[in-house]
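Participant: Model the full structure from these sequences, guided by the hints.
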Amino acid sequence: MWQRTLVWSWLVMGTLIAAPAVAAERIINLATGQVVSAQALVDDLAQQDVLLLGEVHDNALHHQRRGELLKQLKARVDAPGFYVVAEHLQAGQRVQWQGPLLADLERAGFNANSWQWPAHESLFAAVREAGLPLVGGNLAPEQVRNVARQGASALPAPLAGILQQAPLSATAAATLNQDLLDGHCGQLKPEHLPAMQLAQRARDAAMFSALRDAGSGMAVLVAGNNHVRRDYGIPVIFHALLPERRVRVVGFVEDNAEQMARLDGLRGQYDYLWITPAQDRPDPCQ
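The working numbering puts the first residue of the sequence shown at 1, with every later residue one more than the last.
These are computed hints drawn from the structure, not numbers from a lab. Be a bit skeptical, because a hint or two may be false.
[What the hints assert, rightly or not] The following label-pair restraints were derived from C-beta to C-beta distances:
| hint | residue 1 | residue 2 | range |
| --- | --- | --- | --- |
| 1 | Asp-43 | Gly-217 | 10 to 20 Å |
| 2 | Pro-100 | Ala-170 | 41 to 51 Å |
| 3 | Ala-170 | Leu-263 | 18 to 28 Å |
| 4 | Pro-167 | Gly-99 | 37 to 47 Å |
| 5 | Val-35 | Gln-187 | 35 to 45 Å |
Computed from a predicted model, the values in this text were never measured in an experiment. Note that the Cβ used here is the ideal one computed from N, Cα and C, for glycine as well.
Facilitator: Encoded structure:
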């Protein structure tokens, strides 16, 4: 399953956009089921307050496309307060653009090994080229581990308050649990699910806080697809706490028969689906 490509992530943690490189690459507006152009996507996203851009972490093309998208949006939304929040950096960190790209990122706490550098190089290079502020949104890995091991007692009070105001529905919680099981190749013991779900949602709450607090204007999050999902991700928190914010969600996925067979079900997860060719990789569950 596609979630298997995210196994490690559960544990750690202008010019116009070029036309799709191959026929398999396309953008679908899930509300209509229609394929749309990159320009049409930009036109819609430029009218929003918050953009949540997903990714498959090791797919370099996803990062390249999001970088191109950000540069085009910056050209359209040339106003103060346009900033980018990254799952790949801890909350409270801000990148200072003053030297080599990777060195700047690492000074802000970026872990090149964990994020399989240079997979994200094109994304962060585009952020720097566009002159966009880049801030962190994630919990520190040790905080995630503490929440996963100890449960709610290890949850920072501000994040606990956010999650109390934005509970998941029973259906959404069950879906998240299943995705956690799939993401751990079925090896996660059922008794560990509540704490693992809390750790996942704590990271969502931290990224929501960064989007809310970094400033006024357009806020963009770059993060894994499971964090941006409308059914159990960060949009749930926006709906509960800041329902007036106009939020758009773009999932970046790979083209495969399983994914395409369930496009109807994805309407409840994303607003747009940017589909790229499937990437060859070993099965991490092996």
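Participant: Hint numbers the structure violates, sorted upward?
Facilitator: Structure breaks no hint.
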